[in-house]
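So the protein lines, in turn, are chains D and E.
Okay, so the first sequence: first residue is 42 according to this note's numbering, each after it adds one.
Okay, so the second sequence: first residue is 42 according to this note's numbering, each after it adds one.
Copies of the same chain are indistinguishable here, so a pair counts whether it falls within one copy or spans any two.
Below, computed lysine to any residue pairings styled on SDA-like, alpha-carbon distance capped at 20 angstroms:
no., residue 1, residue 2
1, K52, D91
2, K106, S130
3, K231, D330
4, K232, W202
5, K231, P296
6, K232, P333
7, K469, Q338
8, K231, L334
It should be emphasised that the hints constitute simulated quantities derived from the structure, not laboratory data.
Single-letter residue listing:
Number of protein chains: 2
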Amino acid sequence: MSPATPATPHKSWVPSANRADSHFPIQNLPFGVFTTAASADPRVGVAIGDEILDLSVLDTRGLLKVPAGLFAQRTLNPFMAAGRDVWRSVRSQLTQLLSDDNATLRDDVALRQTALVPQSQATMHLPVDIPGYTDFYSSREHATNVGALFRDPKNALMPNWLEIPIGYNGRASSVIVSGTPVRRPNGQIKKPDQERPVFSPCLRLDIELETGFFVGVPSGLGDPIACQDAEAHIFGMVLLNDWSARDLQAWEYVPLGPFNAKGFATTISPWVVTMDALEPFRCAQPPQDPVPLSYLQHEGHHAFDLHLEAAIRPANQSTATTLSRTNFKFMYWTMAQQLAHHTVSGTNTRVGDLMGSGTISGATPDSLGSLLEMTAGGKTPITLNGGETRTFIEDGDELILTGWCQGDGYRVGFGTCTGTILPAHPIKK
Amino acid sequence: MSPATPATPHKSWVPSANRADSHFPIQNLPFGVFTTAASADPRVGVAIGDEILDLSVLDTRGLLKVPAGLFAQRTLNPFMAAGRDVWRSVRSQLTQLLSDDNATLRDDVALRQTALVPQSQATMHLPVDIPGYTDFYSSREHATNVGALFRDPKNALMPNWLEIPIGYNGRASSVIVSGTPVRRPNGQIKKPDQERPVFSPCLRLDIELETGFFVGVPSGLGDPIACQDAEAHIFGMVLLNDWSARDLQAWEYVPLGPFNAKGFATTISPWVVTMDALEPFRCAQPPQDPVPLSYLQHEGHHAFDLHLEAAIRPANQSTATTLSRTNFKFMYWTMAQQLAHHTVSGTNTRVGDLMGSGTISGATPDSLGSLLEMTAGGKTPITLNGGETRTFIEDGDELILTGWCQGDGYRVGFGTCTGTILPAHPIKK
Numbered sequence: 042m043s044p045a046t047p048a049t050p051h052k053s054w055v056p057s058a059n060r061a062d063s064h065f066p067i068q069n070l071p072f073g074v075f076t077t078a079a080s081a082d083p084r085v086g087v088a089i090g091d092e093i094l095d096l097s098v099l100d101t102r103g104l105l106k107v108p109a110g111l112f113a114q115r116t117l118n119p120f121m122a123a124g125r126d127v128w129r130s131v132r133s134q135l136t137q138l139l140s141d142d143n144a145t146l147r148d149d150v151a152l153r154q155t156a157l158v159p160q161s162q163a164t165m166h167l168p169v170d171i172p173g174y175t176d177f178y179s180s181r182e183h184a185t186n187v188g189a190l191f192r193d194p195k196n197a198l199m200p201n202w203l204e205i206p207i208g209y210n211g212r213a214s215s216v217i218v219s220g221t222p223v224r225r226p227n228g229q230i231k232k233p234d235q236e237r238p239v240f241s242p243c244l245r246l247d248i249e250l251e252t253g254f255f256v257g258v259p260s261g262l263g264d265p266i267a268c269q270d271a272e273a274h275i276f277g278m279v280l281l282n283d284w285s286a287r288d289l290q291a292w293e294y295v296p297l298g299p300f301n302a303k304g305f306a307t308t309i310s311p312w313v314v315t316m317d318a319l320e321p322f323r324c325a326q327p328p329q330d331p332v333p334l335s336y337l338q339h340e341g342h343h344a345f346d347l348h349l350e351a352a353i354r355p356a357n358q359s360t361a362t363t364l365s366r367t368n369f370k371f372m373y374w375t376m377a378q379q380l381a382h383h384t385v386s387g388t389n390t391r392v393g394d395l396m397g398s399g400t401i402s403g404a405t406p407d408s409l410g411s412l413l414e415m416t417a418g419g420k421t422p423i424t425l426n427g428g429e430t431r432t433f434i435e436d437g438d439e440l441i442l443t444g445w446c447q448g449d450g451y452r453v454g455f456g457t458c459t460g461t462i463l464p465a466h467p468i469k470k
Numbered sequence: 042m043s044p045a046t047p048a049t050p051h052k053s054w055v056p057s058a059n060r061a062d063s064h065f066p067i068q069n070l071p072f073g074v075f076t077t078a079a080s081a082d083p084r085v086g087v088a089i090g091d092e093i094l095d096l097s098v099l100d101t102r103g104l105l106k107v108p109a110g111l112f113a114q115r116t117l118n119p120f121m122a123a124g125r126d127v128w129r130s131v132r133s134q135l136t137q138l139l140s141d142d143n144a145t146l147r148d149d150v151a152l153r154q155t156a157l158v159p160q161s162q163a164t165m166h167l168p169v170d171i172p173g174y175t176d177f178y179s180s181r182e183h184a185t186n187v188g189a190l191f192r193d194p195k196n197a198l199m200p201n202w203l204e205i206p207i208g209y210n211g212r213a214s215s216v217i218v219s220g221t222p223v224r225r226p227n228g229q230i231k232k233p234d235q236e237r238p239v240f241s242p243c244l245r246l247d248i249e250l251e252t253g254f255f256v257g258v259p260s261g262l263g264d265p266i267a268c269q270d271a272e273a274h275i276f277g278m279v280l281l282n283d284w285s286a287r288d289l290q291a292w293e294y295v296p297l298g299p300f301n302a303k304g305f306a307t308t309i310s311p312w313v314v315t316m317d318a319l320e321p322f323r324c325a326q327p328p329q330d331p332v333p334l335s336y337l338q339h340e341g342h343h344a345f346d347l348h349l350e351a352a353i354r355p356a357n358q359s360t361a362t363t364l365s366r367t368n369f370k371f372m373y374w375t376m377a378q379q380l381a382h383h384t385v386s387g388t389n390t391r392v393g394d395l396m397g398s399g400t401i402s403g404a405t406p407d408s409l410g411s412l413l414e415m416t417a418g419g420k421t422p423i424t425l426n427g428g429e430t431r432t433f434i435e436d437g438d439e440l441i442l443t444g445w446c447q448g449d450g451y452r453v454g455f456g457t458c459t460g461t462i463l464p465a466h467p468i469k470k
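With the rest of the complex left out, here is chain D (with noise of 0.2 angstroms):
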């Protein structure tokens, strides 16, 4: 365990935080940026248990030892900007005033109603501004799936996948908080029997069950970020939708990239869970064979056990199935392994740059990142809670992602990352 994670306290005054199964103890302290009813201004805000706790408030009172101006903010770049010593020094206060012991928040009952804001009556956006999103192909099981699947089931591991982090530059201005509805997207698909192409609304539409990372603490323009510092160039993790319109990404991809497939949503977690947090639930990550080339070597354990599901629930129902169960310790390449290769060959990055996992899939049928994998390609429906069956997903139908640590008596959890889809625009003929 770091040291800035402390071992106590492990109890908050805020007693919807002691719940063992609530994502937000005091163990977690994740920042977002909300707003509520009663003041339209965005500022950041920590969960803590079903609560949200208003730094702005407590900066204005003076109860935080923080340069001026990081909270009375639309996003969480000024603070991510501020650097890691503010991020551990916020962290290490808003554990002293959280914790049962603490008397500061927990007897003024006029300063908690100020400061404290039920998650129900808030507004979660957009925590941070991203100058650049980038997604990562970092799952040997997911790879393999869909090189099988897209490709050539013999020759599903491309041959440069075991020696590079292989990932895309994705669209930065499309991504959107949880809860925004997704629109189906229009675009070209080519059926194998017809000679061209038809423009028509995406008939495979899926989920990618990633996480993403937040650079806080940018690098310059051909100053490349080396493997065994990467770690401590990350603000926190989320929670990650990367949508995926399969039959515009069969016929778009090539030579390329995916470009419209993916640009039109993906869709993050509200809340950026720090590196700090998650600490405790470093693990080893799987063994790389070949060992990879010296620029992309690290000493010691580099992935986290976090636990992550994906769920669908259709229109008319109330109650979700759940479509897998996988974790982040699967991945074969590293948070610190993406940055490092991201900027070997010199190129900056920014605060609030955003890193996309890849989609996360495990050895096993239950496992799986995507409908695509689930489905064998849309070849094997799934049969949901009620007895509908699905594919892909059908307009209306809600998509639910979410994960936590489990740690002894409490959960670092990331709450949800949600989405519904909306209808198609109608074509115009």
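Since the structure of chain D is already known, use the hints to place chain E on it.
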């Protein structure tokens, strides 16, 4: 000729603007951001002959009827966000102020000394804060040439190429302004006779001669831009050099497209030439067969007769050798089609988004837009003035792009887009 482009006056009281070979006559008036030794505050200027007209000075003096706060800025984004009517109003007002029959500035020596800055005394900056950078691949000749070299000469053009304006998301963070040195990237190179890749400086460093356009009028998530309306979203154009590490590219690009091979640097020219300045040079695009799907159809002429050149100057030489003479009008897919395709699946655009044309190659050997094509994949060296040869770029080489539209006795020019190659960082063993 559009109403927005006045046929008269043709002359400015700035003498250097009236030279037939000036890139910046009164007909052009491109926008840029500059600083001087006397003032380190970045501000918006317009190139006129060998001078820059400082719009922040004009604005302070009350000589421009414009919304407040557009020109004392470090980027053009506030001006771009003000909308097309403001762009056109400012262009019209500047045309008046700079015309040889207008005394306001011409006869006010003190004001002229403040408002006019010699370009030789100014430092140009990246003119736009670029939230997204997309690079297309819209030259049929280039796509055919590269397809033959990277893949299969018999099926050089991919099946999707004649249906889709193929593009990919590039890395916005590393877009730099002309004159910024470019460090040779290190990366993975896989030689055919070796089992594993090596980590090495790029040995096949190349240019791509392109133009780019900036989105000035944004579009919302889920709101496609109609092809017929797309040009109205474009603020203006620049020259663009999409530096490319061919050996890194060949190994990394399957299946998700180019990444580190392109992400280390993209250079643009500092002056953004407006669509109104380009309007007189509108011409027919090449015929498209098959007729594109309806969302890619537009009436009228959507190409521009823009002459382009690439040149190289080795470190030890005072003069450059022209490598290529080509023309933007050769492009198969138009800017309007690129923008319509980019947004048709619902992707939003933002003020300042940069869209690269893709390498602009013509049909003849002297009109190719990359060294890869000029040297047949490095097999046929080029002999430069002075006798040196090149297959790809060597350390110390300066690469120079230029371009202009030829009017009757004047040029609407883009100036130059240059970069000199620094040696790669030494590789630690």
